[in-house]
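2 protein chains.
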Amino acid sequence: MKPLAPRVLAFDVFGTVVDWHGGIRREVAQALGPRVDAGAFALAWRAGYQPAMRRVMSGELGWTLIDDLHRMILEQVLEQFGVHDLGEAEKLYLNKAWHRLDPWPDAVRGLARLKQRYLICTLSNGNIGLLTHMAKHGGLPWDCILSAEVFKAYKPDPATYLGVARVFDVAPTAVMLVAAHQDDLAAARACGLQTAYVERAAEFGADRLKDVSPDPANTLHARDFLDLADQLAA
Amino acid sequence: MKPLAPRVLAFDVFGTVVDWHGGIRREVAQALGPRVDAGAFALAWRAGYQPAMRRVMSGELGWTLIDDLHRMILEQVLEQFGVHDLGEAEKLYLNKAWHRLDPWPDAVRGLARLKQRYLICTLSNGNIGLLTHMAKHGGLPWDCILSAEVFKAYKPDPATYLGVARVFDVAPTAVMLVAAHQDDLAAARACGLQTAYVERAAEFGADRLKDVSPDPANTLHARDFLDLADQLAA
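In order, the protein sequences belong to chains A and B. Take the first sequence: its position 177, counting from 1, is numbered 177 in this note's numbering, and each next residue is one higher. Take the second sequence: its position 206, counting from 1, is numbered 206 in this note's numbering, and each next residue is one higher.
For the record, the hints were derived by calculation from the structure and aren't laboratory data. In this text, all values refer to a predicted model and were calculated from it rather than measured experimentally.
Copies of the same chain look alike in the list, so a pair counts if it works inside one copy or between any two.
Distance condition first, Cα-Cα at most 25 angstroms in a straight line; then the derived SDA-like pairs of lysine to any residue: (1) K96 with G62; (2) K96 with L32; (3) K91 with R7; (4) K96 with D169; (5) K96 with V170; (6) K136 with D169; (7) K115 with R7; (8) K96 with T173; (9) K210 with D183; (10) K136 with P172; (11) K91 with I73.
For reference, chain A alone in the conformation it holds in the complex (with noise of 0.2 angstroms):
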């Protein structure tokens, strides 16, 4: 049976909406020369994500905002690299390299389009304010920025994936989340979304290609946002 069409898209950001590798590698070679390793900077800043969400979903630490997250891994990695020079105005304006990734060449045509059709929000674990000005940096025409600020919970809790059906009131199946990573789209199903993997091969960097095979428990697979836009006749 073909499914129903969804009615809200409810995008991943980092990594699948924009370059947050190939931005953050920039932003590191300005701030910091050529004494560092820009790209391995990018990926063990990046690395650092997902021990520090568990942490605050262990309670060990308590609410606390994506910037801040990228703050204290920041203060690792610097130290990891032996940058012990950066002033507090140059850590700031670093930290917020987050807010100033790029999106990727076809996203901007592509949600332009599906905007058209459907109801296109974020569901990032990325907080309001970053997510706020990362969409008019990129000028990303979001209907709504959904952030797991808003949940008080991050991805993969089902309170993310349901919350959005809940905000717009609708079934779970009414919502299809789009993503480039398969555990983000695998939690989301299993709270009853349908799912479209995007290909997004490069993600940490054009010289460490991703494997971007598909999985067939998707609902759609596609290579890009415009590809999307077609499958989804937007």
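On the provided structure of chain A, position chain B as indicated by the hints.
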């Protein structure tokens, strides 16, 4: 001393951005025909809003979305106007008239100009889903939709005004509340926000114009959003 330019403009919505009286009157007339005074019905529906929110804030009711408060009040007002024959589907549709309110004629153009220079968001007691559908309906170009639903408190609770500053990581004085209601603005001012009053003399209908006198306590007083954009050099 000239106040610092705000960075964030937070807009009250019902009455300030959209014409609730005109929209509700039109939809009530369509749904119920000449047997009721649609303008009076709209006023009665809106008049139930503050008492309903007080029942939530007093703890008598648990946290309730405005969509659900609107529905509770609708039942009372239908009873009051002697309407007993509306089916469930018709009630559901009529209740969502609040999602289909039209912007005042200057609103979209004014917001588009202000968005070039400022971060523009809603700060409404309306729920996120309602505000998102309204924005799609009217083409309102919000950077972000903030609602009582995010803060789990209705205006004039300080948690809402201060919540805007916290979400965007700025001082309260860097936020300007824009509203057509002096009581909303006074509550925001008490939290340290800047305030702009906007004249919406016909909020309750063209045949019952309201007082739109300036209050010198506000940072700005504007005829409409285009005048506000002029004054804010946007």
